[in-house]
Amino acid sequence: MGLLDKQFSDSNIVVAKVDDLINWARLSSIWQLGFGLACCAIEMMAASASNYDFDRFGVMPRNTPRQADAIIISGTVTLKMALRIKRLYEQMPDPKYIISMGSCANCGGPYWDHGYHVLKGVDRVIPVDVYVPGCPPRPEALFEGLLKLQEKIRNESLRKKSA
Amino acid sequence: MALKTEEMVLNMGPQHPSTHGVLRLELEIEGELIKNVKPHIGYLHRCFEKHAEAMTYPQVIPYTDRMDYLASMYNNFGYVLGVEKLLGIEVPERVQYIRVIMGELQRIASHQVAIGTYGLDLGAFTPFLYLFRDREKILTLFEETCGARLLYNYMWVGGLSHDIHPDFIRKTKEFVKYFRPNIQEVNNLLTFNKIFIERTANVGILPLDAAINFGMTGPNLRASGLAFDIRKEDPYSIYDRFDFDIPVGEGTVGTVGDCWDRYYVRVLEMEQSLRIIEQALDQIPEGDVQSAIPKRIKPPKGSVYTRVENPRGELGYFIISDGSTSPFRVKVRAPSFVSLSVLGELCKGHLVSDVVAILGSIDIVLGEVDR
Amino acid sequence: MKNPEEILELIKFNFPDLEVTIDASLPVESIISIDPLNIHLVAQFLKTNPELMFDSLMSLSGVDDANGEKTKDEEGTEIITGGTLSVYYHLHSTSLKHKITLKASTNREKPGIESVENIWKTADWHEREAYDMFGIIFLNHPDLRRILMPYDWDESYPLRKDYKNPEFYHGMKVPY
Numbered sequence: 000m001g002l003l004d005k006q007f008s009d010s011n012i013v014v015a016k017v018d019d020l021i022n023w024a025r026l027s028s029i030w031q032l033g034f035g036l037a038c039c040a041i042e043m044m045a046a047s048a049s050n051y052d053f054d055r056f057g058v059m060p061r062n063t064p065r066q067a068d069a070i071i072i073s074g075t076v077t078l079k080m081a082l083r084i085k086r087l088y089e090q091m092p093d094p095k096y097i098i099s100m101g102s103c104a105n106c107g108g109p110y111w112d113h114g115y116h117v118l119k120g121v122d123r124v125i126p127v128d129v130y131v132p133g134c135p136p137r138p139e140a141l142f143e144g145l146l147k148l149q150e151k152i153r154n155e156s157l158r159k160k161s162a
Numbered sequence: 000m001a002l003k004t005e006e007m008v009l010n011m012g013p014q015h016p017s018t019h020g021v022l023r024l025e026l027e028i029e030g031e032l033i034k035n036v037k038p039h040i041g042y043l044h045r046c047f048e049k050h051a052e053a054m055t056y057p058q059v060i061p062y063t064d065r066m067d068y069l070a071s072m073y074n075n076f077g078y079v080l081g082v083e084k085l086l087g088i089e090v091p092e093r094v095q096y097i098r099v100i101m102g103e104l105q106r107i108a109s110h111q112v113a114i115g116t117y118g119l120d121l122g123a124f125t126p127f128l129y130l131f132r133d134r135e136k137i138l139t140l141f142e143e144t145c146g147a148r149l150l151y152n153y154m155w156v157g158g159l160s161h162d163i164h165p166d167f168i169r170k171t172k173e174f175v176k177y178f179r180p181n182i183q184e185v186n187n188l189l190t191f192n193k194i195f196i197e198r199t200a201n202v203g204i205l206p207l208d209a210a211i212n213f214g215m216t217g218p219n220l221r222a223s224g225l226a227f228d229i230r231k232e233d234p235y236s237i238y239d240r241f242d243f244d245i246p247v248g249e250g251t252v253g254t255v256g257d258c259w260d261r262y263y264v265r266v267l268e269m270e271q272s273l274r275i276i277e278q279a280l281d282q283i284p285e286g287d288v289q290s291a292i293p294k295r296i297k298p299p300k301g302s303v304y305t306r307v308e309n310p311r312g313e314l315g316y317f318i319i320s321d322g323s324t325s326p327f328r329v330k331v332r333a334p335s336f337v338s339l340s341v342l343g344e345l346c347k348g349h350l351v352s353d354v355v356a357i358l359g360s361i362d363i364v365l366g367e368v369d370r
Numbered sequence: 000m001k002n003p004e005e006i007l008e009l010i011k012f013n014f015p016d017l018e019v020t021i022d023a024s025l026p027v028e029s030i031i032s033i034d035p036l037n038i039h040l041v042a043q044f045l046k047t048n049p050e051l052m053f054d055s056l057m058s059l060s061g062v063d064d065a066n067g068e069k070t071k072d073e074e075g076t077e078i079i080t081g082g083t084l085s086v087y088y089h090l091h092s093t094s095l096k097h098k099i100t101l102k103a104s105t106n107r108e109k110p111g112i113e114s115v116e117n118i119w120k121t122a123d124w125h126e127r128e129a130y131d132m133f134g135i136i137f138l139n140h141p142d143l144r145r146i147l148m149p150y151d152w153d154e155s156y157p158l159r160k161d162y163k164n165p166e167f168y169h170g171m172k173v174p175y
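First to last, the protein sequences are chains A, B and C.
Numbered as in numbering that gives the first Met the number 0, the first sequence ends at 162 without a single skipped number.
Numbered as in numbering that gives the first Met the number 0, the second sequence ends at 370 without a single skipped number.
Numbered as in numbering that gives the first Met the number 0, the third sequence ends at 175 without a single skipped number.
By construction, these hints were calculated from the structure, which means they are not laboratory data.
One or more of the hints may lead you astray.
[Claimed, not checked] Taking lysine-lysine and the BS3-like style, the derived pairs with C-alpha atoms no more than 27 Å apart in a straight line are:
(1) Lys85(A) with Lys37(B)
(2) Lys170(B) with Lys136(B)
(3) Lys172(C) with Lys95(A)
(4) Lys172(C) with Lys347(B)
(5) Lys231(B) with Lys1(C)
(6) Lys172(C) with Lys231(B)
Sequences and hints are given; from them, build the entire structure.
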């Protein structure tokens, strides 16, 4: 993943920027909150099962928000659920990332017009880092979303952001 | 002197790894003993019935997909049968056969998820991986036919969106041949595993009279000992042409109607579905799958209640037509909704860890519970 | 196995005072209409009579008939006053294999229908759903509260034909 690609032999000292080191550690073991909402959750399950193997990106489901780095919002967020999702998000330690998977989580999907009980996009309650389109997205699309998230993490910095 | 104890209310879900989605259970417990379980549902209420009233008849089909997302084909099937009954149209033979083949493949795929995740809930990880490997093969067959992996919109009123491709019959036959021995593999891995039997046998026993009174259908009812299958009882489409058995719970390792029986009925059903697929593949006639699709779908005034045997039980569509192009009311009788209502009854007197075993054994899909 | 006409005769014979009608003109299935405040008696009879034995309630559906007077308010949303709400019961006998559809209509302003929860347990959640979606009050139901919508949802019933969505729920914007 960029940092360890150059194989080193004699020296036992590696020089790297702290930013790079921390980002590398963060992006290569994103533990997701094991949390399925609707149809997309089945594709997320398929992604972590044998044929696709999510584990090779270092993604592992953790069942408690307090040990998770990312949530994949996999499905329709209803008004009843939105308050719980907000609470789950607040329970996660920083740094935390959100992948919004599928049209429903992005913008309400097919329920945007008549869905009296559907939240039209999870970004109305929590901030989203990556949107994955599709209804449902294929596991490959979810991987693409994850790679985008990794790219985002790679470019982060410890320095305070100047406005 | 008796130990002084206090009742406690424990909240399980909506975010919980083994509630199969967004279900919240309120457990009233005394120590480890369950006094009462109150399910709270509606966390995935996506207003299907409101959408159905706003859409035209064909536009409703994609929404039926998204109710029971593990058995989308079958949801299409029930809905189009209902509308066809209202319209009074006959569909071509080839369409009937393809629908049955797709429906049964979907049943296998759905049971694979049910069995796999049930193992996962009880701590067996390997069967999940094995079954998902095989499930991908079914999904590939679907994808080659209609372009979607999970939500198909494949069955249309009067026909199908696509004909099967020329290689489909050969590939499906290969799959049947490949998958049959794998059922035995599941049995070796999970079904007759000592630990699995200890967790599931004699747990959550549902007697037959209670099962009928609660309106249980499908594998859950059959596990209680009644050979009731709508495919045989009230045959729709062309199910009366095939030869298959209805597996029922026999209490092989425990009592009739326990969790193990409910689980094992599903394993046996996969074998029966393979038999139906084999027969259908041999008999399938040639024809045009879109010839009977009506140009304008505008059923006469009236109502119809159709029911089909979904992988989870009786899926009923109650469609009222007021003579316009969109339904006046569509009510879905969702099998999971009904099965879930029995949970409180089943859990009483068991331990907290058994709740997971019982919930997994009735195999609910929250999208269908909440609609 | 009995057809709906024979079942209607049996009900009429046993409840001579009740007004029971059948609508056989419908193309697919005929529907027997029953008084909403006597449905419990009839249901009990249908379940226990040895010639009928309706031991399973397949489905219970609430319906807004939308047959009242339709007016528009100043914003242009439709308001329905008067008319009826109906409940359809689909019954099935697992031993005798026959089916029947019952219908009970109640008025829309003060909807009240007897609960059949203690006859068929299936009705418990289905009646809660009909209450949740249409506001039909099921008399004698032990636990009539909302089931799918949040418990603190305002006093509106989403599947009524003149339902209007609230603008906000807990600070979240509801419309798109």
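Against the structure, the hints come out as follows:
1. Lys85(A) with Lys37(B): Holds, at about 24 Å.
2. Lys170(B) with Lys136(B): holds (10 Å)
3. Lys172(C) with Lys95(A): holds (25 Å)
4. Lys172(C) with Lys347(B): violated (40 Å)
5. Lys231(B) with Lys1(C): Within the cut-off at roughly 19 Å; holds.
6. Lys172(C) with Lys231(B): violated (49 Å)
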